[in-house]
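Visitor: Sequence lines, in order, name chains U and R. Quick note on numbering: this note's numbering labels position 18 of the first sequence as 18, and the sequence is numbered without any gaps. Quick note on numbering: this note's numbering labels position 131 of the second sequence as 131, and the sequence is numbered without any gaps.
Quick caveat, the hints were computed from the structure, so don't treat them as lab data.
Put simply, identical chains are the same to the list, so a pair is met inside one copy or across any two.
Quick list of in silico lysine-lysine cross-link-like pairs, PhoX-like style, CA-CA up to 25 Å:
| id | residue 1 | residue 2 |
| --- | --- | --- |
| 1 | K240 | K142 |
| 2 | K155 | K190 |
| 3 | K29 | K203 |
| 4 | K38 | K127 |
| 5 | K29 | K169 |
| 6 | K169 | K127 |
| 7 | K240 | K127 |
| 8 | K38 | K203 |
| 9 | K46 | K169 |
Remember, predicted model here, so these are calculated numbers, not experimental data.
Number of protein chains: 2
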Amino acid sequence: MIIQNDSNLIPSPVERVRERLCIVKVGGKIVEEPASLKQLLSDFSKIEGNKVLVHGGGRSATAMAAKLGIESQMVNGRRITDEETLKVVTMVYGGLVNKQIVAGLQAIDVNALGLTGADMNYMLSEKRPVKDVNYGFVGDVKQVNANILAELISKGIVPVLAPLTHDKKGNMLNTNADTIAGEAAKALAKYFEVTLMFCFEKKGVLMSETDDESVIAQITPALFDQYVANEIISGGMIPKIENSFVALNAGVKQVVITRADQIHTDSGTKIIL
Amino acid sequence: MIIQNDSNLIPSPVERVRERLCIVKVGGKIVEEPASLKQLLSDFSKIEGNKVLVHGGGRSATAMAAKLGIESQMVNGRRITDEETLKVVTMVYGGLVNKQIVAGLQAIDVNALGLTGADMNYMLSEKRPVKDVNYGFVGDVKQVNANILAELISKGIVPVLAPLTHDKKGNMLNTNADTIAGEAAKALAKYFEVTLMFCFEKKGVLMSETDDESVIAQITPALFDQYVANEIISGGMIPKIENSFVALNAGVKQVVITRADQIHTDSGTKIIL
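Next up, chain U with everything else stripped away, as it sits in the complex (with noise of 0.2 Å):
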């Protein structure tokens, strides 16, 4: 007897198509006015197929924190977290900011589920050793467990992830939203061909500031090295640009820097290898 094995007819595991998962990361002020957040909400919910929200929510919580005469302190624009702090930023993130959105994704019949790091144990950080600052309970992302929660997206939940880990000792801890989504999409790559988005004031990174047109539409390592000689890309976008060649090289397919209003077209900056 002969068995064909014909190689275009029955693809291999390497060669299969994996399915692709958008993970969207919103900074606070989109999801804390009620009326970009419905507008968001409704954009997100046209991204076909598998997909992630991860929100912040730092003006509300410092908000929270003013009226319970909670003083926010921030050093190099991270919150310091003592105890009181802790539980303003776990009521506000992990309450009332995650759960606006999944009650407004609901509503337009996205199957969201919020999630903070240590439900299911899904992300599990570290406490940040005390060196010049003492950030209090801030955490670092230690591991991932992302088995379960690519399961339930390959079965249409849509998780909403707010910006807390834990650290396994029973203390929830304050994670910064990027970190967040960047983790996350490293982890979930292993499951789905991830495009990592991140929302941003402009419409994608621009070649001239003053042009808000002037979006550069693909961003290599070796252009983004020419950029960055030629003082095109400076300041705070190139640690982000360098982020997302950290997590490119880790298995994430591509990470796109675009405004709120676009993440369900094709535009923005793509960042590739």
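With chain U held as given, fit chain R onto it using these hints.
Guide: Quick look at chain R alone, frame taken from chain U:
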């Protein structure tokens, strides 16, 4: 060819032994103090097999509302939930209390997942119609989608249910934790042999109010009628047990009324048909 069909060897779906599931409802008081919460989570972790924890958080919500200058208004033991109060309960129940429990369980290797009714649209409710009292954003449960919940439970996930539902129109709704526990139990009875456990300050339903050890081991509908006639069971315990019979008639295997420190033992009052 003869196919042997021996029903002694192949159990029919009806005869198949269903897995047990224990749903424990605890009030706010226990979960709101670090020491009693830690003890509760330790006891809860000792319950073997599938389990679900349902929690309140009323005291924390009242305290947080007071700090924010919002007056808590109660009618018939139910919180009047205006727009500002809804934000407080969403934060406190869905964020603070729920995530403290989830992180606490993860610390002792219980793979907890915190949920509100909006998450995976698992519990859908309707804003209570205004009659004599306008309860505001309070939800009466209309639908429970237990299939994904049941699947997660079968995979070893332990849902931790906050007393919040949603209306699928974008609003979270405040919902009594006893109701959440009862509705979840009824819906999950399709998949599991459910024990629904209500924690109470006494060891069970008492024969004599003055004797804490006079726990009634078992209450059937006939015994219930007798105890009510003899005034052994009275007051708020009557609707509690009546609701238990509703749950039993809807497929729940047994309801147990017990003290929180006994949830992992086989004590308390068992209510059965």
